[in-house]
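Protein sequences appear in the order of chains S, D, V and X. Going left to right, the first sequence walks through residues 993 to 1339 as the working numbering numbers them. Going left to right, the second sequence walks through residues 993 to 1339 as the working numbering numbers them. Going left to right, the third sequence walks through residues 993 to 1339 as the working numbering numbers them. Going left to right, the fourth sequence walks through residues 993 to 1339 as the working numbering numbers them.
What the hints contain is simulated information worked out from the structure, not anything from laboratory work. It cannot be assumed that every hint is accurate.
As the list makes no split between identical chains, a pair holds if one copy fits it or if it spans any two.
Said to hold, decoys possible - Below are the BS3-like pairs computed for lysine-lysine, each with C-alpha atoms no more than 27 Å apart in a straight line:
#  : residue 1 : residue 2
1  : Lys1262   : Lys1017
2  : Lys1011   : Lys1293
3  : Lys1017   : Lys1317
4  : Lys1157   : Lys1011
5  : Lys1157   : Lys1090
6  : Lys1214   : Lys1003
7  : Lys1090   : Lys1304
8  : Lys1323   : Lys1311
9  : Lys1090   : Lys1011
10 : Lys1089   : Lys1003
11 : Lys1317   : Lys1011
12 : Lys1303   : Lys1003
13 : Lys1003   : Lys1070
There are 4 protein chains.
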Amino acid sequence: MKALVFHGADKLALEDRPKPLIVEKTDAIVRITTTTICGTDLHILKGDVPSVVDGRVLGHEGVGIIEEIGTDVSGFHKGDKVLISLITSCGRCDFCKKGMYSHCINGGWLLGNSIDGTQAEYVRVPLADTGLYLLPPDVDDEAAVMLSCILPTGMECGVLKGQVKPGDIVAIVGAGPVGLAALLTAQLYSPAEIIMIDLDSNRLEAARTFGATQVVDSTDGKAAEKVMAMTHGAGVDVAIEAVGIAATFDICQAIIAPGGHIANVGVHGKQVEFHLEKFWSSNITVTTRLVDAGTTQMLLKMVQSKRLDAKKLVSHRFKFPDIIKAYDTFKNASREHAVKVVITAEK
Amino acid sequence: MKALVFHGADKLALEDRPKPLIVEKTDAIVRITTTTICGTDLHILKGDVPSVVDGRVLGHEGVGIIEEIGTDVSGFHKGDKVLISLITSCGRCDFCKKGMYSHCINGGWLLGNSIDGTQAEYVRVPLADTGLYLLPPDVDDEAAVMLSCILPTGMECGVLKGQVKPGDIVAIVGAGPVGLAALLTAQLYSPAEIIMIDLDSNRLEAARTFGATQVVDSTDGKAAEKVMAMTHGAGVDVAIEAVGIAATFDICQAIIAPGGHIANVGVHGKQVEFHLEKFWSSNITVTTRLVDAGTTQMLLKMVQSKRLDAKKLVSHRFKFPDIIKAYDTFKNASREHAVKVVITAEK
Amino acid sequence: MKALVFHGADKLALEDRPKPLIVEKTDAIVRITTTTICGTDLHILKGDVPSVVDGRVLGHEGVGIIEEIGTDVSGFHKGDKVLISLITSCGRCDFCKKGMYSHCINGGWLLGNSIDGTQAEYVRVPLADTGLYLLPPDVDDEAAVMLSCILPTGMECGVLKGQVKPGDIVAIVGAGPVGLAALLTAQLYSPAEIIMIDLDSNRLEAARTFGATQVVDSTDGKAAEKVMAMTHGAGVDVAIEAVGIAATFDICQAIIAPGGHIANVGVHGKQVEFHLEKFWSSNITVTTRLVDAGTTQMLLKMVQSKRLDAKKLVSHRFKFPDIIKAYDTFKNASREHAVKVVITAEK
Amino acid sequence: MKALVFHGADKLALEDRPKPLIVEKTDAIVRITTTTICGTDLHILKGDVPSVVDGRVLGHEGVGIIEEIGTDVSGFHKGDKVLISLITSCGRCDFCKKGMYSHCINGGWLLGNSIDGTQAEYVRVPLADTGLYLLPPDVDDEAAVMLSCILPTGMECGVLKGQVKPGDIVAIVGAGPVGLAALLTAQLYSPAEIIMIDLDSNRLEAARTFGATQVVDSTDGKAAEKVMAMTHGAGVDVAIEAVGIAATFDICQAIIAPGGHIANVGVHGKQVEFHLEKFWSSNITVTTRLVDAGTTQMLLKMVQSKRLDAKKLVSHRFKFPDIIKAYDTFKNASREHAVKVVITAEK
């Protein structure tokens, strides 16, 4: 089969690889019909993720058809159309019992990381009973593949950890795919205002069409002042950090109201300064989270009931043989006005 | 009347002052029978709290007898024995409605800060209906005065924000009065282990008698390693910071388990480094809080039902004319083996 | 002034009454510009509410202009346009501190109950600082008056107690005003499905336009069977009882899924049979609540930000001199296709 | 092996049965060293539990040594000393993901119900990875066997569902084993008062030694009046029903304070009257729950850290060949002053 293989920093190749086989009885082999590229894949490509070694098939998002099934998989059958979750979980370790599936001692984020992933014609999905979701016939593949990673990430790390609730003023720093996923899912809790902050005016325009009530261009370094003015000096109830650098975490610190929540979603490479000399007395909460994919089933219901327009995140479409072009487009998201690029099997 | 007056950094004097009068109809005048000194009073004395000006009567903790009462106070009568809360609140602003009484736009921490306080023979208590608690006859004055500030602080900022629950492993960094208050109140939620960390071996011994299951002397800079060894590498579920410097916040960061809570109680003068490069993926929560005194009534019930031995915090006793000696003892807490020093009216 | 006065069962009169005066310094006198009629007013009219005596001015919903203000009211001024809440609260008793304002020992539901109400040209509002809300200029009066009682009732007793959350299947039994208010506010939490159940096909048609995803006509006594079929035998996550009789509570019991919530909103005159022989093992929760109006400020923000179309509840409009006609219309809601009838001041 | 076999109402026999074998690869065979009898076993014996058929080996509580292990069990080894949970769960169905393990579609309460149980020399435990807990060497067998069913039941159905919190007044109706388990575990949340209500004065005396602050003999039918007097007319914050009949549920209804929680633990055979005509306006919550055993690990930590004296529940001890005598004693609990009877393997 064809697969997209990582060969160290900045080296990707579409290669022939043996079709994966059932290894454990709890595995499923899925023929990929739709996949996509995550911001994390770009981190891997830069060589920033040491757990991903030379020779690894990339990708942790996908929709496909079950081709083969281990004898201990009880919830699925050959031929089922399924959504693949980025998270593999055993359901019985202490972390799983707490709903922290991302920290599962027998799983976690494996696909396209420590085992071969979904940017291929076939993928082996371990612990298939918990890692797959049956796709109802009325859910579009492009919408569904947004549920493998990006929407649960925005929802869990941003919206749930931030405790967004009706009437809140929410600010989201970063209008890339994960920030937009937070924007879409925040609306499930009906905040009164959602302020979107980014350097890129195209992304801000997109944010408006995704439901942002106000947008702030932070190019001039005055995002925090603008948000404080918009909120009449009160600040925001929830600030979602969806970039992963000190400057954006600082904006969150500058705009959070007493009693507010800063929910970090971004992947940070460095420590940040945390202003405890200001915050010790202001009843704030700062949270971090790796996506656990515990909301996938719920989000799937929301997509199915037409209350969540997941497909809106898709800006570009490619066929699998052109996946390297898809990476190019996604890497140059600003220039290309790209949000999520979807890649479908050639068939 | 006699009152302890602040005259700028390191200057305190026991002076004659006019007895306070009812100013607002919601005021009460309380004759102080018991007061105590807070770590915050020492901060004021160092000149670190700019809201406290020359001429201010200090003190925000006290028990006494109502001497006079405004016409709009409905819940109390002349002659009632009362506990004075450090927090004044209106009960109707947006912050009060959220239970954030410390941020009340008509109140907050006023006594011994922006208005004259309790280290005097008499004090004027504004918004007496919400700022006073009737003392049941079976509650000891010394136990009661621990409810003005220190026990609600340990409970709310440490235990509630840290979400201590049965079975948890809790670490408290700092065995001073507020750390010990957190230690006492943490036991209301039955954690399996409470590890107390401090530089002072006397305080650690005291911590054992207050219920610590293990103690760690951090003099050698290896507190974090020791805690990780005690927890077999897993770390703690809740880390309570009860000092207010970067080094102690760092210990909390080094020992917190994935999914854990760091509850800051300490008053910080400087920013700290926050290790988002490590924490972005570990599902942790960091909280700050100014004491709101929302738990005072509950803690009073616990003292009354003998389930909370508040009096245990009292290490030294003085008469009011010797209050400057009491400050000396409390300032040299380590040398004097002092926890809370109680000062009672002379008569 | 003119006022609508209750004179015992089935006797209402529009009479001349003295204009109310400030009694307590915390009072405000409000000139009513808009009022409405509640289902509870019809209960009073039937003689079912013994606390309402002969001679009482009815009404607990209203919008108006402050005409006079007590000297201790700090948050409002003469001339302010305000929303009047049905709940009067002191903000300092134990119930208020728990957010149970409806049980305030110095307040609760007083207007049009134990004191004269809002169906008059003027009303005296006690504890005005907590009982009034400043109306932003961009909020329509008709939308605003829906926030006096009906929307907080649907939200608090139905949606919040029922813990509606994204992805849920919710059933609401009763498509009268309070059921429709629950339907509108349930959507703030994005359930996947909202099934509306009633005997009246006009109301069910209205429910569809209010956002119900499915409707069930219960005339044939088979509502429960239909809902179970719609949910493939699983039942619903949340059942909201918005009628107040045994038959509708029974429907809730018949359709609730294991782990589900039955939230009672209806005013019941009789005990019901509760099927503990079925439920003891099914992890359900049954709640009751009197509206506390703790969500009024939030709902006002939602109306102001155009996320909640409160005005939609208004089906009929009258001038104040025709208020008895308005009662007639509302009493015959089914025949008249009435939801909420709004009454405005004449001039 | 010897096993206690059910042969229809009132018929029990200690018989020879083949030793169980591994059936699924996720099974374990455990040699029972300690077991006990549950109130539910008495219900079975009366013929009240139709899922238990003639020929079934009874018992769902036990401690033992793993004798054989399926090839897919990863967390345990032959020779491990283990606690057996009454609940079997897959960890991956929708109910398991919500923590409702008792409703697991691949498990639930199976042992001594739909499959052979623990009152035997050996038992087959399905889904051993989630159904067993490794026993630390410092946990006593008799204490441990209280964690199979009774303590998680009191904790989850009574204390957690009742939301017991520091300062609360809690009433527990029924001082049998499950009521006493609720009494022991309620103390983990430090209520101010725990009032125990029963007909049997011996049990009430026992309740005092288990930590009840007050006891009420309900023989005279005046339990509710007495509790209302004790609480100065306010009622209790939490009422735990631990019997399972209408009369005891009525006591809960009569004593619950506005805002309070009634947590049903008892197994009810009939519907009850629920006083919605009184409760519709009083903000109460009624809950039911089947024990999910989600707290077993936590309770085990509490026993290990000596904060929960589980062994206190054991009143009588028998050797396995005398198990029928043990049943006699337990059936006549009142006469025998029995709480839990423990049965150990002979050798």
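Outcome of the hint check:
For the homomeric pair lysine 1262 and lysine 1017, neither the shortest alpha-carbon distance inside one copy (41 Å) nor that between copies (46 Å) is at most 27 Å. Taking CA atoms no more than 27 Å apart as the test, lysine 1011 paired with lysine 1293 passes in neither setting, with 32 Å inside one copy and 47 Å between copies. Taking identical chains as interchangeable, the C-alpha atoms of lysine 1017 and lysine 1317 are never at most 27 Å apart, the minima being 36 Å within one chain and 47 Å between chains. For the identical chains of this complex, lysine 1157 and lysine 1011 are neighbours neither inside a copy (46 Å) nor across copies (42 Å), given an alpha-carbon limit of 27 Å.
Taking identical chains as interchangeable, the C-alpha atoms of lysine 1157 and lysine 1090 lie at most 27 Å apart whether they share a chain (23 Å) or sit on different chains (14 Å). Neither within a single protomer nor between protomers do lysine 1214 and lysine 1003 lie at most 27 Å apart by alpha-carbon distance, with minima of 38 Å and 43 Å respectively. For the identical chains of this complex, lysine 1090 and lysine 1304 are neighbours neither inside a copy (32 Å) nor across copies (30 Å), given an alpha-carbon limit of 27 Å. Taking the closest pair of Cα atoms, lysine 1323 and lysine 1311 come within 27 Å of each other only inside a single copy of the chain (17 Å); across copies the shortest separation is 64 Å, beyond that limit.
Taking the shortest alpha-carbon separations for lysine 1090 and lysine 1011, neither the intra-copy value of 35 Å nor the inter-copy value of 36 Å comes in at or below 27 Å. For the homomeric pair lysine 1089 and lysine 1003, neither the shortest alpha-carbon distance inside one copy (39 Å) nor that between copies (40 Å) is at most 27 Å. Taking the closest pair of Cα atoms, lysine 1317 and lysine 1011 come within 27 Å of each other only inside a single copy of the chain (23 Å); across copies the shortest separation is 64 Å, beyond that limit. In this assembly of identical chains, the alpha carbons of lysine 1303 and lysine 1003 never lie at most 27 Å apart, being 30 Å within a copy and 59 Å across copies at closest.
In the homo-oligomer, the alpha carbons of lysine 1003 and lysine 1070 never lie at most 27 Å apart, since the shortest distance is 35 Å inside one protomer and 48 Å across protomers.
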